[in-house]
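K.L.:
Sequence:
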Amino acid sequence: MSAIAIKFAQGPITFEAEAPVVGGQVVEAGTTPRSIKPAGAASETILGVAVIDAVPKGQPYTGKPNHASVACAPAQVPVTGDGTAGVGDLVIAAAGGTVTAATGTEPASQIVGRVIEVLSNNIVSIRLYV
Numbered sequence: 019m020s021a022i023a024i025k026f027a028q029g030p031i032t033f034e035a036e037a038p039v040v041g042g043q044v045v046e047a048g049t050t051p052r053s054i055k056p057a058g059a060a061s062e063t064i065l066g067v068a069v070i071d072a073v074p075k076g077q078p079y080t081g082k083p084n085h086a087s088v089a090c091a092p093a094q095v096p097v098t099g100d101g102t103a104g105v106g107d108l109v110i111a112a113a114g115g116t117v118t119a120a121t122g123t124e125p126a127s128q129i130v131g132r133v134i135e136v137l138s139n140n141i142v143s144i145r146l147y148v
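Quick note on numbering: the sequence shown equals residues 19 to 148 in this note's numbering.
Quick caveat, the hints were computed from the structure, so don't treat them as lab data.
Check the hints yourself; a few may be wrong.
To be verified - Taking CB as the label site, the calculated pair distances span:
(1) 104 - 59: 27 to 37 Å
(2) 84 - 136: 26 to 36 Å
(3) 22 - 121: 22 to 32 Å
(4) 125 - 21: 14 to 24 Å
(5) 40 - 20: 14 to 24 Å
(6) 60 - 138: 25 to 35 Å
(7) 60 - 24: 28 to 38 Å
(8) 106 - 127: 13 to 23 Å
(9) 104 - 22: 14 to 24 Å
(10) 63 - 123: 13 to 23 Å
(11) 83 - 27: 43 to 53 Å
(12) 123 - 84: 31 to 41 Å
(13) 101 - 21: 46 to 56 Å
Idealized CB from N, CA, C, for every residue including glycine.
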């Protein structure tokens with residue numbers, strides 16, 4: 019292949035919601051191409067963090083779109099944590115698209131990013147590694 023076309027050079031990537039997502043949730047790959055859902059605990063298919071709320075097609079109209087922009091590395095974004103992660107800690111996905119401190123034994127595929135700042139109400143600002 020002599021050359022390629024870059025599909026996404028920078029910025030968030032848009033995905034279709036397979037399940038309702040909320041801006042700030044860690045999201046993982048859905049079961050259909052280019053779809054997302056809130057990440058489960060210790061997910062190894064993290065795609066990033068939803069920038070906006072989105073709902074799946076076919077659900078009652080809520081005014082929310084069916085697609086969400088997803089922030090990915092090297093973005094720094096706020097995410098709800100469980101209170102275990104401090105500045106400098108690596109984090110992995112926890113239930114419901116939140117994050118928890120990594121223990122150091124997780125495979126690299128589970129690492130969401132590193133805490134840059136601890137904000138209020140269990141919100142942590144993380145530098146994404148995905």
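K.L.:
All hints, please: hold or fail.
P.N.:
Tested hints:
no. : hint                  : in the structure
1   : 104 - 59: 27 to 37 Å  : violated (20 Å)
2   : 84 - 136: 26 to 36 Å  : holds (33 Å)
3   : 22 - 121: 22 to 32 Å  : violated (38 Å)
4   : 125 - 21: 14 to 24 Å  : violated (34 Å)
5   : 40 - 20: 14 to 24 Å   : violated (43 Å)
6   : 60 - 138: 25 to 35 Å  : holds (26 Å)
7   : 60 - 24: 28 to 38 Å   : holds (32 Å)
8   : 106 - 127: 13 to 23 Å : holds (21 Å)
9   : 104 - 22: 14 to 24 Å  : violated (41 Å)
10  : 63 - 123: 13 to 23 Å  : holds (19 Å)
11  : 83 - 27: 43 to 53 Å   : violated (23 Å)
12  : 123 - 84: 31 to 41 Å  : holds (38 Å)
13  : 101 - 21: 46 to 56 Å  : holds (48 Å)
Consistency note: the structure conflicts with the earlier hints numbered 1, 3, 4, 5, 9, 11.
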